[in-house]
Structure formats: C-alpha cells, structure tokens
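Engineer: Those protein sequences? They're chains A and B, same order as listed.
When we follow my numbering, the leftmost residue of the first sequence carries the number 1, and every step to the right adds one.
When we follow my numbering, the leftmost residue of the second sequence carries the number 1, and every step to the right adds one.
Keep in mind the hints are simulated off the structure, nothing from the lab.
Idealized CB from N, CA, C, for every residue including glycine.
Hints may contain errors.
Said to hold, decoys possible - Per label pair, the in silico range of CB-to-CB distance:
1. B:E160 x A:G51: 51 to 57 Å
2. A:R63 x B:P229: 50 to 56 Å
3. B:P229 x A:T72: 31 to 37 Å
4. A:P128 x B:S152: 54 to 60 Å
Number of protein chains: 2
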Amino acid sequence: MTRFSQAVGILTAGGEFRVWSVIVSIFGDLAREPEDEISGALLSALTERLGIRPEAVRVALHRLRKDGWITTRKHGRSGHYRLSPNARETSRNARERIYADENRKTDRWHLLILPPMPQSERHDREKPWLASGYASLVPGVMLGAGAAPVQSGNFTFEGEVAEIPAWVKSANAPTELIAGYARLETSLASIGTPLLDAPLEIAALRVLVIHQWRRLLLRHPALPDRFYPPEWREAACRQRVVELLKHLPRPSLAELENAASQGG
Amino acid sequence: MTRFSQAVGILTAGGEFRVWSVIVSIFGDLAREPEDEISGALLSALTERLGIRPEAVRVALHRLRKDGWITTRKHGRSGHYRLSPNARETSRNARERIYADENRKTDRWHLLILPPMPQSERHDREKPWLASGYASLVPGVMLGAGAAPVQSGNFTFEGEVAEIPAWVKSANAPTELIAGYARLETSLASIGTPLLDAPLEIAALRVLVIHQWRRLLLRHPALPDRFYPPEWREAACRQRVVELLKHLPRPSLAELENAASQGG
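Isolated chain A, as found in the complex (with noise of 0.2 Å):
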C-alpha cells in the first residue's frame, strides 16, 4: 500500500462520501478563476484515486449543473466543466473561512434580538440571518461579527461579548461536531506528512483533507475559540490542515491536465 492510499484510507474511513459535495471541493480549490475549466477526464483521475465510481461521478455533475453550480462546455467527445459565476462566489467566500491560518479574532460583535413571536414564524426569521453566518444565542437572539445591520427592524446592540457562561459553550458545539473534529483531528494526526511526487496525488489528497475539513467547520458559525467548550478541537484540526496543505503545493490546472491525459 502506498503512503498515498493509505492517507485516503484513514481520512474516508469515517463513512460515506457525498460525491457532489467531494467535486465541490475539487472546484473550490484547483478551479477558482472565471477561466479555470476541469476536463472530465482529470475529473475521472481526481475521483478514482479517492475511491468515487465513475457512476456517481457522472449523477453528481448531473445534479451540480441542474443545481446552477457548474457549466459544461462540450469540446469534442470529452466535456470541461467551471463553476458559475454564483458557485464562484459562494465559494469564494467559503474559501476566506477554509484556508484561514487561524480561527477568527473579533472582538466587535453585534446582537441582533427579534420582537416576540410564535416559534414556527421564528425560524423563518431566523433562517436568512443564520444562513449568513450569525451564531444563534437563545431562540430569538443573534450574534452577529462587526457592525450592526441599518434599520433591520429588531433591536440591535454592537459590543464586545463579557461573559460567555458554559451552556452558551455548550449550545454551540453540537455533540456530532465535537466528536466530527476529534476524528478528524486523529486521522489528520496518523497520515503525517506524506511526501508525494504524482500531482494527482497530492491534488487529490488535498481536496481531500480540504473536503473531511470544510464538511465539519461550515456546519457551525464562525465564532473564536473562546466561544467553544474546551473539548473543541477546531483550532487543533485547522493548524493541521494549514501544515499539510503546505506539504501538499496545489499543481497548476495545466499540470493536473497533462497528468490526467496521459493515464496518471
């Protein structure tokens, strides 16, 4: 078994692949320019050497281009696929939180506090400020980084957080993250520090630390550490994906291409 496999190996021994959301993280980090395209068949390498069937691949590019996510441009009998201009953008975004080297430091925060109202209608109020990445306090109760929005129609408070009381800790560190990052702090621990040549090797074992990494930190706000029980492992897994990242170059689209072209 080479040093390579067995990387893979350790890092998707935790489950089951979302195929869609593994070519997402391939395009969000070899493919971020407007004019950055990905032939099908360096996408064939790229998912073969993690284990994807060509299959799921192909009902997955299916569901990326139904979804907006991706454009195909056909170029004889092989397709070249690129992020659309929204894709791009949210990825761009995302990509700011991923490859940050450390967790964020804010100190200006903002409270945003709803008007009183049924449960059911404050989801719904809640859903679009949660989906921007404001941290939920109590139901109702918004935590938001920088300045306040203007005219919002809620009571908005901009500070500085003073106590942050261990049940707020623990409501922001549901059990499945916590238990997530210490896996992912052990596997990112036992692959090393592989030392590949093959770029499709290293571009696939970078998408795919990249991938096990962003699952888990977009499922939570962005919040410092302060804010986190201390069985937290966040910081611990980012300062590990940044030092392998960096063993791991990311090769030019161009190399990736040529490699795939000739077999690997």
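The hints should help you fit chain B onto chain A, whose structure is shown.
Structural biologist: Leaving out everything else, chain B in the frame of chain A:
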C-alpha cells in the same frame, strides 16, 4: 379657595392616595439625614394639608414601622419618627433619579441573556435583575446600564444600542404609564407657579409634586428618551417638576417643626 388648596386639588384629582407611600415621600424629601426626625405633630400638619385623615396616617405609620421603614422614639406624649438605615439607603438611591435635572444619558450598556428555561422559572430568575433597575427587552433578555456583572452565569455583552425598533419602544411604555405621564403633565401645567409663604404649605406641595412624579417614575426602568415612543411625556414632566421645586424651596425641619407646633 387659596392657590395652595387649588394646587392640591388639581394634583390629587387623579384618585386615591396610598397614604404610607405619601409618608415615604415626606421622609424622602424632608428627613434625609440620619439625625433627621419628624414629629407626630409635623406629620399631622403636612398630611392634613393634603387632605389625609389622621386615622389613615396612624395605620400607615404602623405599617411602615412594621416593615422596618421607620423607627419611632417617644418623647413625653408625642412620637418622633425617622427613616431606618435601610430605608435611608433605598431612599437615597431613588432620590438620584427623582431629583435629577435630566433623564439618564448613559451610552454604555450591557445586555444580560438568561439560558433558555421554562417561563415560570424565568420569571423568578428575572425578578431580582428587574428590581435592581434592568429593563426587560424580550423574555430572558435584559438591558442594564454600565458594565456587565462579573460571573453571573449568563451571557453578557457590553456596548451601545444601535437600533431601537418601534416594538421595543412600545414594550417599554405601558399604556397606563403613558396616560399617567400625560395627566401629570397637564396637572403640573395647570397649577402654574404658586407663590406660597407658609413653610407647611410649601413643604406639603413639594411633597405632593414629588410624590405624584415618583409614583410614575419608579414604575419603569431608567432609560433615555430615545427608548420610548414620542407620546412618552417623562422628560416634559421632569422639566416641570424641576422648575416647580425651584419655586418651592425646601424649608428646614426646624422651621417646619416650629410652624407645626404653633398650629401652622
């Protein structure tokens, strides 16, 4: 009808007095220092001028003594009353707010957010905070002036209020207080600027003005005007109270005792 009795008539037109509460106002205005004593004769002279029956005064004094608000000293056949140390402190704290030239102008606030809990339990948890001057914004969220308490077990946040939507202003202004201030503003305007000579009349009218003012003022938290809807007349009442008290300079206790002992 004298200008004095006209003024008393206007200010008491609203309805019943709670006599013990009027006596609290008398002590709060006229007998603030540890050594300050009010004789039974002076109390009778003042309350009589406000149309309160001697029997009601006796009942109220009994209650205030039982509650530890006043202490009594017998001197021959007559009683002498003073505030208990606890009452003096409570009275001093309230005085800062009652006699201030302007409403609170604080810009620095903190929010105190309780953990989610059943409503009945929450009421119990909120009670002491509200009693100590916090404003309730929505269930479980309270606003306090200045720095946050240390280690309260709640989520606390320090800063400035950014947006105060109409629903918060309405919640801060119960209908009966809006109406109360509007009535008081009208009454205070109607009595004009009575020029009184008799120290007992000056003192009685002072006490009555203060009493009607603090009855409303101490029923809501001290918040700046911008926290209230436009129909909230607290600031207008305060301005008029300050003006009236300037025209009714507080007589000394000695002067008043002297007048009372001479039958007014």
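Engineer: Tell me the hint numbers this structure goes against, listed in increasing order.
Structural biologist: 3, 4
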